[in-house]
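Asks: Residue strings, one per chain:
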Amino acid sequence: MGTPETAAGHPGFAQYDMKVLLVDDQPMIGEAVRRMLEPEKDLVFRYCQDPAEAIPTAEAFAPTVILQDLVMPEIDGLTLVKFYRAHPRLRDTPLIVLSTKEEPTVKAEAFALGASDYLVKLPDRVELVARLRHHSRGYIGLLQRNEAYQALLASQRALAAELKEAAAYVESLLPARLAGPVRTAWRFVPCTQLGGDAFGYHWLDDDHFCMFLLDVCGHGVGAALLSISAMNVLRSQALPNTSLLDPGATLTALNDTFQMERHNNMYFTIWYGVYERSTRLLRFASAGHPPALLVAPGASGAPAVTELRTRGMVLGGMPDVTYDSASAPVPPGARLFLMSDGTYEVERPEGGMWSFGEFSAFLAGAAQDGGGEIEALWAQVRAMHGDGPLADDFSILKVEFEA
Amino acid sequence: MKITDTVRGVVRTVRLEGRLDATTSPEAEKQLLALAEGGSTRMALDCSDLEYVSSAGLRVFLSLAKRTKAAGGKLALGAPRPQVREIFEIAGFSSVLQILGTLDEAVAACQA
Chain A
4 MGTPETAAGH PGFAQYDMKV LLVDDQPMIG EAVRRMLEPE KDLVFRYCQD
54 PAEAIPTAEA FAPTVILQDL VMPEIDGLTL VKFYRAHPRL RDTPLIVLST
104 KEEPTVKAEA FALGASDYLV KLPDRVELVA RLRHHSRGYI GLLQRNEAYQ
154 ALLASQRALA AELKEAAAYV ESLLPARLAG PVRTAWRFVP CTQLGGDAFG
204 YHWLDDDHFC MFLLDVCGHG VGAALLSISA MNVLRSQALP NTSLLDPGAT
254 LTALNDTFQM ERHNNMYFTI WYGVYERSTR LLRFASAGHP PALLVAPGAS
304 GAPAVTELRT RGMVLGGMPD VTYDSASAPV PPGARLFLMS DGTYEVERPE
354 GGMWSFGEFS AFLAGAAQDG GGEIEALWAQ VRAMHGDGPL ADDFSILKVE
404 FEA
Chain B
12 MKITDTVRGV VRTVRLEGRL DATTSPEAEK QLLALAEGGS TRMALDCSDL
62 EYVSSAGLRV FLSLAKRTKA AGGKLALGAP RPQVREIFEI AGFSSVLQIL
112 GTLDEAVAAC QA
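Sequence order for the protein chains is A and B.
Under this note's numbering, the first residue of the first sequence is numbered 4, with each subsequent residue one higher.
Under this note's numbering, the first residue of the second sequence is numbered 12, with each subsequent residue one higher.
Chain B extracted, bound-state conformation:
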């Protein structure tokens, strides 16, 4: 699971590549929370190369969403693949974070 990030204005965009499962989640969670704690309260996640999210992976997004909410920030997911979108859908995550079709829309949602 590879995580890279850049900045677009006031929004930090984070690109997730690979699988988010029980093996990769602990490290991914550490990296993402470090970014959040480092002052990135507006985060747009590029999910175009995120292949799969297990229940352990969902937990990472949940922690991030709670952290962002507590800090009064914004979190949005952009361009998830159909299978990943379905996983988020079934898990009912649309009530805790915004899921948009493209990364640009996700960035825009964070700027609002």
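Chain A with its partners taken away, still in its complex shape:
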């Protein structure tokens, strides 16, 4: 029995024949049943006279229903019922026990041991055939369901393996944490196996360090593909005629490259900045993205938090939009946080979400406590949301500039 192809040419599930195995020490019964089933051309019949051969015959024949005589010399039918039910491959096969009389106690015992049905020999042909077909159909249904279930498990495992590989690829694209003139820390938690957030940073030249964090609308595989596409364009500095030193020009060029109608109606938000070491000046531009937070030591001890963003709309949303740059000085000891909205738009079990203001205050508070802001934030988000995956991707990047 191989796997037949369906009309569409796809492999279908196995087809099963209805197979009846009769185990009875009286050849007369064997012959009577054979004659009753003879007109049923789709039923395959096998007769086993020797009860000692019942199990091996059933193993080889793989019946869809077994007719088992109860009273036999040497082996008692009920004992065979026990054996069938203990056998791994015969455990679920429908079992009709055959008795010469209606005996309630014997019936009860047969059912208790696992018989599926009880017949007094021999019912008329129509009844016998109906019962055999009914039980066979039920069993075939079970076999097909098991097969479908195994196929589903196999395909889920294959898909999970592929997603894991894709997620590993995305991980490999994320930049190594830096130490030195610029120090970085980050946390990236996609809400499904593949997320729509991406970020990166690298030195453009000896004096300029660029950083970005982007968030594709939605999440999952489609969003991840776009996020990687955009990330790779920035990493490989592949925007034509565009200086990556100019954040506004960079976003303008990115917007033209990634118009949503050409990318399955997806847009993304982004924050992009360039830090100039010699002047400690940070130039930046953002498109529909939450502001970056510049946390600097304050005069009175409490940290000063500045929101850095420009008024630009989401990237890919509208064509022919010009994005402007802005700039801010970076005081000594300051740290910059870039994040996606998944870090603060966290649903509380009792309802409601953090506002950006509350989030900002929390981060500043954590900064005051001497660092470890990202860990503190993650613990807070987990406490607010509880276990289980978050609703959106959680990405946060911290950059510290040498004093």
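These are calculated hints, taken from the structure and not from any lab test.
We put the beta carbon where it would ideally sit given N, CA and C, even for glycine.
Treat the hints with caution; some may be incorrect.
So the derived label-pair ranges between C-beta atoms look like this [what the hints assert, rightly or not]:
hint: 1; chain 1: B; residue 1: 19; chain 2: A; residue 2: 353; range: 35 to 41 Å
hint: 2; chain 1: B; residue 1: 100; chain 2: A; residue 2: 323; range: 54 to 60 Å
hint: 3; chain 1: B; residue 1: 100; chain 2: A; residue 2: 180; range: 31 to 37 Å
hint: 4; chain 1: B; residue 1: 84; chain 2: A; residue 2: 155; range: 46 to 52 Å
hint: 5; chain 1: A; residue 1: 165; chain 2: B; residue 2: 19; range: 50 to 56 Å
hint: 6; chain 1: A; residue 1: 165; chain 2: B; residue 2: 17; range: 48 to 54 Å
hint: 7; chain 1: B; residue 1: 84; chain 2: A; residue 2: 358; range: 31 to 37 Å
hint: 8; chain 1: B; residue 1: 19; chain 2: A; residue 2: 386; range: 43 to 49 Å
Assemble chain B onto chain A, guided by the hints.
Replies: Relative to chain A, chain B alone:
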């Protein structure tokens, strides 16, 4: 996400109730675009009961804004809740559609 609409003069006012997220956006987009295509080129959206807009939800407003622009019509949002207003603000949507404090102001903006 519940959408109901009435007419105030030449302006169709559309009331959005509930959350506009990945689950509710496809249906909401269908309904809103159907209204736009049905000849409503001047639409004022009542956002007073709009609880939340995700990025999928923003996409719906973006499609609507582009459709309205292409048809030479007017689109205005009225009375968004603070959190929703903040979402629109950050997404930079004020450059593509007008966001007013009340529904009446939104209707007035569409009549201009």
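Asks: Against the structure, test the hints numbered earlier, and report the numbers of the ones violated in rising order.
Replies: Violated hint (a single one): 2; every other hint is consistent with the structure.
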